[in-house]
Each structure stands twice: as C-alpha cells, then as structure tokens.
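J.: Each chain, written out:
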Amino acid sequence: MSKPKLKALTINRPWCKGCGICVAFCPAKVLELDHEEKAVAVRIEDCIACSLCALRCPDLAIEVEIAPEDNEIAPPAQKRILIQNRGGSRS
Amino acid sequence: MSIHKYLRERFFPHIWCAGCGHGTVLNGLIRAIESLGLSRNEIVMVSGIGCSSRITGYLDFHTLHTLHGRALAFATGIKLSKPELNVIVPMGDGDALAIGGNHFIHAARRNIAMTALVMNNRIYGMTGGQFSPLSGCGMTATTAPYANIDPDFDVAALATAAGASFVARTTTFHVKEMIDLIRQAILHDGFSVVEILSQCPTYFGRKNKMGGAVEMLNWYKERTTPLGSKAKQNDPSLIERGIFMQVDKPEYCSQYEKILQKAQSANSQTKE
Ligand SMILES: Cc1ncc(C[n+]2csc(CCOP(=O)(O)OP(=O)(O)O)c2C)c(N)n1
Ligand code: SF4
Ligand code: SF4
Ligand code: SF4
Chain W
0 MSKPKLKALT
10 INRPWCKGCG
20 ICVAFCPAKV
30 LELDHEEKAV
40 AVRIEDCIAC
50 SLCALRCPDL
60 AIEVEIAPED
70 NEIAPPAQKR
80 ILIQNRGGSR
90 S
Chain S
0 MSIHKYLRER
10 FFPHIWCAGC
20 GHGTVLNGLI
30 RAIESLGLSR
40 NEIVMVSGIG
50 CSSRITGYLD
60 FHTLHTLHGR
70 ALAFATGIKL
80 SKPELNVIVP
90 MGDGDALAIG
100 GNHFIHAARR
110 NIAMTALVMN
120 NRIYGMTGGQ
130 FSPLSGCGMT
140 ATTAPYANID
150 PDFDVAALAT
160 AAGASFVART
170 TTFHVKEMID
180 LIRQAILHDG
190 FSVVEILSQC
200 PTYFGRKNKM
210 GGAVEMLNWY
220 KERTTPLGSK
230 AKQNDPSLIE
240 RGIFMQVDKP
250 EYCSQYEKIL
260 QKAQSANSQT
270 KE
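As given, the protein sequences belong to chains W and S, one line each in that order. The opening position of the first sequence corresponds to residue 0 in numbering that gives the first Met the number 0, with each subsequent residue numbered one higher. The opening position of the second sequence corresponds to residue 0 in numbering that gives the first Met the number 0, with each subsequent residue numbered one higher.
Incorrect hints may have been included.
[What the hints assert, rightly or not] If we take Cβ atoms under 7 Å as the criterion, some of the chain W residues that face chain S in the derived model are:
id, residue
1, 6
2, 14
3, 31
4, 54
5, 57
6, 59
[As the list claims (entries may be wrong)] Straight line, CA to CA, 25 Å or less: simulated DMTMM-like cross-link-like pairs of lysine to aspartate or glutamate:
id, chain 1, residue 1, chain 2, residue 2
7, S, 220, S, 179
8, W, 4, S, 176
9, S, 220, S, 256
10, S, 4, W, 64
11, W, 6, S, 234
12, S, 175, W, 35
13, W, 2, W, 36
Hints in this document: simulated from the structure, not taken from any laboratory. Quantities reported herein were computed from a predicted structural model and do not represent experimental measurements. The beta carbon of each residue, even a glycine, is placed where N, CA and C say it ideally should be.
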C-alpha cells in the first residue's frame, strides 16, 4: 500500500478548546496553537496524513481528508517505466 | 465527513473540559461504528450518570440517559426485548464499578450480548473529584486529601472472573487500538467489556500533579504495554493493554429464546 497523501486538513475553530493534544503528538510537527489557543496547521507541507490528530482530538475539531489513491492506470504505467529502465542503455 | 452523520452537531462544542479523554472515546467509538457500516437505527446506546455518561447526548442513535449505575439494567431490558439491536453501554468507572458494580458483575455473568465501555478516569469527574474504586492506593482526590487507602479493582480481571466473554483494555493515547478493540467488542456475541483509560485533567490530573491532558497521555504511552510484552516482565508495574479474554459461550438472549420455544411447545401440547 502506498503512503497516504493529504487532500485537506480542516480545523473547526469553534469546536477546538486548545488542549494541545494534536500539537504535542503530531509526528511531523505540523500543528501549533495560535494566540487564541486554537490549533492551526503552520507547516502543512510536512503533513504525512497519518490522521492521528483527527483521531485523538477530544473535540472532534480536526478532519483529515486523504487524497484518493492513484487509480488503476498507475501500476501498469509504473511497470512500463521499470521495463524501459531494464532495456535502457545504462550499460 | 461520514462520521458526522452519527453526531447531534447542534450540541457541539460539547460540555467536556479541554483535553478530557471522554471526547476521544466518543471520537474512537463513532469511527469503530462507521468502519462496521452500522446504521444509526441499529444501535441503542444506554448510559447512566457522570461526565462519561453525557456521551449519549451527542450521538444520533437510539439513546437513553438513565440512572447512575443502572445503565446495564436498562440495557438488559432493551436487549431482551429486541435482541437484534446492537446495545452499547458507555459508563464511568464510578458508574460501572462503584454504584453500578452489582449490575456490572451480573450482566457479565449472564453473558448478555452488549458492549460495555468503561471510560476509566479513576475519579468521579462530574461531582468534583471524589475518589472511585479505580483511583488506587496513594492517589489523591477531593475526598482523599492525604492519599487514598482503598485498593483499586483490576477491571479486566474482575470482568473476566464475573463471566464476560470479551475483555479488553486500551487508552485514549492508543486511538487506533481503541477503534479496533471497540469494533471487535461490538462484533462479539456475548458480554464484552472494553476498559478505556481516559484522562480527567481537571480533577484526577490536577489532584495528582500529573500535568495537563498532554502529560496524562504521555503517562498512558509510557506506563502501559501490550499484553504479554517483554517490557511487562522487566517492569511488572506497567499496565497491560489488549484482549484479555475472547471466548464463545452461550449468549443470554439466545438461551432465553430457547426457553421460550420450550415453554410454547409444552403449552401447545397440553392444549391438544
Ligand atoms: C443515585 C445517585 N447517586 C449519586 C449521584 C451523584 N453522582 C453523579 S455522577 C457521579 C459519579 C461520576 O463518576 P464516574 O461514573 O466515574 O464518571 P465521570 O464523571 O468521572 O466520567 C455521582 C456520584 C447520582 N447522580 N445519583
Ligand atoms: S486536539 Fe482538538 S481541541 Fe485539542 S488543540 Fe487540537 S484541535 Fe484543538
Ligand atoms: S495528519 Fe498526522 S502529520 Fe498531518 S497534521 Fe495530523 S498528526 Fe500531523
Ligand atoms: S471533570 Fe474530568 S471527566 Fe468531567 S469533563 Fe472535565 S475532564 Fe472530563
């Protein structure tokens, strides 16, 4: 299975109570609390889409949407690249 | 998102304190239910009284918010009259094992098919931090300012001894494990118990100088270990997580159905 890719991370500000759980346990240090003690994604480009913040949030304030996996066309295309590599002029 | 269909969103943000583990139990529970593809109509959730018991108010299933300690008694009535429904009973540690201890052991003994979730924060949250049968020796509470001298129950051992046929333990830190265990507990045909260690930063955390929600989750991370791990051999004080008991045993409603059939056929024979 390929690694999940982030489609969207949404924080429902009115529901967030600023407990800091998502901030403390994000493996990629994506989240911080802002001046109003609300969670914000300050380094969204680092997000590995693990969904742990959404699963642990006691206030159900975070939603992590995963991008759909590359469709069925992907594996054959990849295979083609491999075959090309093998037959290439790398010698 | 699809989990939102299970929520009564008009009551959010919910009443629990910032960082209360009970919210994470709610979170995990709806994800377990979603993964099983259950519809809202197939689920009855019955709770008693406590911060934990407020969970039923936020869920858009058939819900009953009943009396302190008596949720399992109400749930037994529902399950016996409509065995096709999935009955889920979330309880606090006080609700389940202090005032409700008798109902708990007898529901386990009967092996009636329902899912009991013990949201164990080791204290009475709702009424201001009195110690519970799960606080444990040496802990501090509003009613034990110089330390509690009451030993605690081991919920998993108690449930197993009483006859529960599925018994598991997890924490609000181990959310993926929590979802999986709740899922398995719902699928199990018999009395299933999942003890979920759930932080109460407001009372248990503060009274015991454990820090806030983050520090309490770190405590769950560091002080618990998977069942049968090497870490447990090296440090017997660690709390084990996982499935302690999973066995097929006659389920109460199906046994009752057999008795009904027996009585009916005996009755029709005497009439003939
Ligand atoms: C018959 C009865 N006795 C006592 C109470 C007061 N009371 C309400 S909640 C509660 C204990 C709550 O603790 P717990 O069940 O552990 O849940 P928590 O609030 O910690 O989630 C008590 C003693 C009550 N409501 N009804
Ligand atoms: S875990 Fe939830 S409530 Fe806590 S800070 Fe993060 S978004 Fe806010
Ligand atoms: S999905 Fe994972 S990596 Fe992304 S913000 Fe949440 S916890 Fe961090
Ligand atoms: S008092 Fe404790 S159990 Fe009750 S809502 Fe607050 S943190 Fe949760």
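J.: None of the hints should be skipped; say for each whether it holds.
T.: Hints versus structure:
no. : hint          : result
1   : 6             : 12 Å, violated
2   : 14            : 5 Å, holds
3   : 31            : 14 Å, violated
4   : 54            : 4 Å, holds
5   : 57            : 3 Å, holds
6   : 59            : 6 Å, holds
7   : S:220 x S:179 : 17 Å, holds
8   : W:4 x S:176   : 22 Å, holds
9   : S:220 x S:256 : 44 Å, violated
10  : S:4 x W:64    : 16 Å, holds
11  : W:6 x S:234   : 43 Å, violated
12  : S:175 x W:35  : 30 Å, violated
13  : W:2 x W:36    : 31 Å, violated
Of the numbered hints listed earlier, those contradicted by the structure are 1, 3, 9, 11, 12, 13.
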